[in-house]
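Chemist: Below are the chains, spelled out letter by letter.
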Amino acid sequence: SVISLEDAYEALRVFEILGIEEKTHSSTATCEKVLENLGSSSPLKDLFYALKVNKILKCNVNGEGFEDIASRLKANVHDASILLDIYYSIGGLVLMKDQDSNVDVLLADVDGVFQSIKALSQSDGRWRYSSDNPESSTYAAGLALEALAGVISLASSEIDQSKVNIVKNDIVKLFDGIEKYDDETFYFDEKFVGGNEQRGFLSTTSSVVRGVTAFAAVTSGKINLPEDKILGLAKFFLGVGIPGDAKDFFNQVESLAFLESNRISIPLILSLPETVYSLTKKGQLKVKVNTVLGSAVPPLTVKVVRAFSTGAKDSAIIDSKELQYDQESGFHFLDAFPKNVDVETYVFVFEIVLHDCGSENVYATGGQIHVPIFVTGIIEVGNAEISVLNSNIGSAETQKKLDLAGNDVVSLSANHLQKLKLSFQLTTPHGHVFKPHQAFIKLRHETKVEHVFVVGNTGKKFEIILDFLGLVEKLFYLSGRYDIELTVGDATMENSFLQLLGHVELDLPEAPEKAAHPPPPPVDPYSRYGPKAEITHIFRAPEKRPDQKLSLAFLGLILLPFIGFLVGLLRLGVNLKNFPGSTVPATFAILFHVGIGAVLLLYVLFWLKLDLFTTLKTVGLLGAFLMFVGHRILSHIALTSAKLKSA
Amino acid sequence: MARSSSKDAQDLFRALWSAYAATPTNLKIIDLYVLFAVFTALIQVVYMALVGSFPFNSFLSGVLSCVGTAVLAVCLRIQVNKENKEFKDLAPERAFADFVLCNLVLHLVIMNFLG
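Sequence lines, in order, name chains A and B.
Reading the first sequence from the start, the letters are residues 1 to 647 in UniProt numbering.
Reading the second sequence from the start, the letters are residues 1 to 115 in UniProt numbering.
Derived from the structure by calculation, the hints contain no laboratory data.
A few of these clues could be false.
Calculated cross-link-like contacts (lysine to any residue; reagent style SDA-like; alpha-carbon spacing at most 25 Å) [to be verified]:
no.	chain 1	residue 1	chain 2	residue 2
1	B	K85	A	A638
2	A	K168	A	D85
3	A	K549	B	L50
4	A	K421	A	E380
5	A	K222	A	T185
6	A	K97	A	A75
7	A	K97	A	Q122
8	A	K97	A	V164
9	B	K85	A	D189
10	B	K82	A	S646
11	A	K609	B	C102
12	A	K400	A	I465
13	A	K617	B	V100
14	B	K88	A	S641
15	A	K401	A	R481
16	B	K82	A	L570
17	A	K400	A	L500
18	A	K173	A	D160
19	A	K419	A	R444
20	B	K82	A	V574
21	A	K435	A	K461
22	A	K645	A	K609
23	A	K58	A	I82
24	A	K461	A	N407
25	A	K577	B	I29
26	A	K645	B	N26
27	A	K577	B	F39
28	A	K549	B	F39
29	A	K643	B	T23
30	B	K82	B	A21
31	A	K577	B	F96
32	A	K609	B	F56
33	B	K82	A	R632
34	A	K609	B	F54
35	A	K303	A	Q324
36	A	K549	B	V51
37	A	K286	A	D326
All of these numbers come straight from a predicted model, not from anything done at the bench.
Please put together the full structure from these sequences, using the hints given.
Modeler: And the structure:
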């Protein structure tokens with residue numbers, strides 16, 4: 001697949017850092033692309049990334065073209081006023097210096113280049129992209145610092161130390177503008193919105209890390225950055241998890257690689273594989289100290305400064321104890337937990353102490369680190385009793401002892417005037433009273449209607465009294481058998497349970513009319529895929545039609561006037577004497593009558609089955625024919641009668 | 001008194017009848033046609049009164065076809081009547097052609113509305 005040199009470089013760099021060997025066929029295709037872009041006429045960015053890829057892949061590049069590229073880049077460096085151009089040119093020259101020692105990459109006017117980069121810096125430590133653009137950017141600061149580091153490494157002579165100190169001050173000012181999350185992670189944010197691309201926290205922070213570590217690598221002396229900020233940056237990159245974007249992943253991994261071995265301070269990360277200690281299994285509390293990418297650390301000891309329970313912050317169970325170190329596994333472990341550790345949540349405060357005092361400046365240990373530790377154990381349930389009490393006197397009608405370890409169930413019965421009482425005690429392995437997160441009692445009716453009540457505790461024991469007189473409405477007046485279930489649970493309780501205690505037959509009064517109905521049973525969610533109810537369609541009742549005989553009688557009656565008309569015509573002496581004799585008019589006369597008959601027939605067909613459009617079309621045709629014929633015959637008749645009149 | 005009034009009515013009727021006999025035959029044919037159309041309409045109205053007006057569109061189209069054709073026949077009679085001075089110049093054939101054409105259009109509309 002065709003991928004850009006920038007993406008190829010990022011992928012290859014990640015593989016390089018993580019130590020993954022990638023010998024795929026794409027490396028030949030990538031090398032081809034590198035060779036393409038190592039021409040002297042390629043754009044600066046492509047040239048830069050081609051050199052970066054070549055550094056990792058070590059393609060077979062002949063060094064002849066390098067001389068031209070070097071002189072082109074050097075010219076660019078002196079003429080350019082845009083930060084990105086200077087950055088790519090300087091970066092290209094530094095890469096060529098590593099790859100081919102014969103090429104002359106040293107800069108002639110180092111001070112001038114240094115000055116042109118420094119000219120774009122702002123008072124708050126950020127940089128501008130060019131002299132035309134007034135917006136300052138944190139990302140650009142990272143690029144500028146990397147470019148300045150490149151300039152120093154390409155200098156033929158020693159650079160002026162005062163200039164270097166000015167840049168170190170800029171770095172300190174830049175770090176003053178760092179942002180922070182509540183959990184002590186630090187990051188850089190881009191303050192202005194707009195510009196070519198929206199930079200997220202990850203790419204901005206990684207640009208700064210790249211620039212600062214590169215600058216620290218080529219300068220002597222210390223840069224005064226507080227070590228908690230460096231540690232905070234490391235925690236930021238580690239806390240991102242696994243980013244979904246390839247570019248973000250590259251930024252994360254490369255920044256961690258730079259933090260791993262930088263000259264400002266190397267962050268040391270303390271981690272615990274397990275933060276849960278079980279009193280029954282009696283494991284070991286293990287702690288590991290690493291650099292950000294998991295490499296070895298200098299000799300050090302992990303100390304527990306204090307350990308206290310979250311409930312009793314003042315009394316500490318551990319005070320200043322050192323952890324033992326196991327050479328084989330690389331873990332620091334607590335050899336013995338104090339005897340008075342009980343089922344609870346504790347906070348352990350760790351501190352890393354380096355053996356070599358001199359390396360205090362090299363590493364960032366992070367001071368006191370608070371880690372919550374959960375101690376779990378088996379909680380004993382004792383003195384469990386369930387009873388039905390008569391309301392007034394409080395005397396028990398039935399009282400049964402419960403054995404919650406076993407599976408036996410009790411059967412009770414009560415009416416609405418009585419109360420149900422349940423009590424039990426919870427004790428930790430050391431005999432203290434235990435308060436779990438959850439203690440519920442559930443009453444479930446035969447119809448699956450459920451009610452849950454919280455069991456309150458009175459200091460020493462857990463007790464709940466269900467007064468049925470007051471609960472009658474809540475129980476929807478449903479009498480019958482109720483199952484009683486007890487739930488006791490907590491995160492630190494290893495034997496949390498949900499147990500059926502028994503049944504109680506409840507006799508409740510009848511529900512009044514206005515009482516709430518119990519909720520309907522939950523509908524089986526798959527029933528919607530089953531067949532639906534039959535729908536009976538209600539049609540409009542058809543109109544009452546008259547009796548058929550009546551209709552037929554009237555049909556006959558209608559014909560009567562017609563017959564009367566015909567009879568009347570005969571009586572009047574209708575004749576066809578005036579019918580034209582000669583052939584042509586006779587034909588027209590016949591056609592005229594045929595035409596009228598055809599139209600009437602068409603109307604009958606229209607009523608029976610034709611639609612309006614065909615009828616209209618045919619009527620149009622017939623009508624035209626009829627008009628022609630009719631005109632001929634009628635004008636003929638008119639002419640003959642006119643002749644008769646004049647004659 | 002009653003006898004004279006009924007005799008008067010009979011005399012009136014006979015006078016009218018003899019006057020009517022004088023009209024030309026073609027006009028009598030047209031009058032017969034009009035009577036036929038009106039009677040047909042009346043029978044339809046009686047039927048509707050008996051069985052109700054469902055479907056109403058059919059009733060309307062039936063009655064209106066009779067009424068319409070009667071009206072057109074009356075128009076024809078007016079135009080064809082020689083004693084009518086207004087239509088002296090109009091040839092009776094032309095009037096007849098109009099009558100036929102209008103009837104055809106009327107019956108097209110009626111057939112459409114009959115349903």
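Chemist: Confirm or reject each hint.
Modeler: Hints, one by one, checked against the model:
1. K85/B - A638/A: Answer holds: K85/B to A638/A is near 19 Å, not above 25 Å.
2. K168/A - D85/A: Measuring from Cα to Cα gives roughly 23 Å; hence the hint holds.
3. K549/A - L50/B: Since the Cα atoms of K549/A and L50/B sit roughly 13 Å apart, the hinted pair holds (cutoff 25 Å).
4. K421/A - E380/A: holds (20 Å)
5. K222/A - T185/A: Given that 25 Å is the threshold and the Cα spacing comes to 23 Å, the pair holds.
6. K97/A - A75/A: Holds. K97/A to A75/A sits at ~16 Å (cutoff 25 Å).
7. K97/A - Q122/A: Since the Cα atoms of K97/A and Q122/A sit roughly 31 Å apart, the hinted pair is violated (cutoff 25 Å).
8. K97/A - V164/A: holds (22 Å)
9. K85/B - D189/A: Outside the cut-off at roughly 108 Å; violated.
10. K82/B - S646/A: holds (16 Å)
11. K609/A - C102/B: Given that 25 Å is the threshold and the Cα spacing comes to 24 Å, the pair holds.
12. K400/A - I465/A: The hint holds at about 15 Å.
13. K617/A - V100/B: The hint holds at about 19 Å.
14. K88/B - S641/A: Distance of about 15 Å is within 25 Å: holds.
15. K401/A - R481/A: holds (20 Å)
16. K82/B - L570/A: holds (24 Å)
17. K400/A - L500/A: Measuring from Cα to Cα gives roughly 15 Å; hence the hint holds.
18. K173/A - D160/A: Judged against 25 Å, a Cα distance of about 21 Å means the pair holds.
19. K419/A - R444/A: holds (17 Å)
20. K82/B - V574/A: holds (20 Å)
21. K435/A - K461/A: Answer holds: K435/A to K461/A is near 10 Å, not above 25 Å.
22. K645/A - K609/A: violated (49 Å)
23. K58/A - I82/A: Roughly 30 Å separates the two Cα atoms, so the pair is violated.
24. K461/A - N407/A: holds (23 Å)
25. K577/A - I29/B: With Cα atoms ~16 Å apart, K577/A and I29/B stay inside 25 Å; holds.
26. K645/A - N26/B: Judged against 25 Å, a Cα distance of about 17 Å means the pair holds.
27. K577/A - F39/B: Judged against 25 Å, a Cα distance of about 30 Å means the pair is violated.
28. K549/A - F39/B: holds (21 Å)
29. K643/A - T23/B: holds (24 Å)
30. K82/B - A21/B: Holds - the C-alpha atoms of A21/B and K82/B are around 16 Å apart, at most 25 Å.
31. K577/A - F96/B: holds (18 Å)
32. K609/A - F56/B: holds (21 Å)
33. K82/B - R632/A: Distance of about 23 Å is within 25 Å: holds.
34. K609/A - F54/B: holds (22 Å)
35. K303/A - Q324/A: holds (9 Å)
36. K549/A - V51/B: Between K549/A and V51/B the Cα gap is close to 12 Å, so the pair holds against 25 Å.
37. K286/A - D326/A: holds (10 Å)
In the structure shown, a violation is registered for the earlier hints numbered 7, 9, 22, 23, 27, in ascending order.
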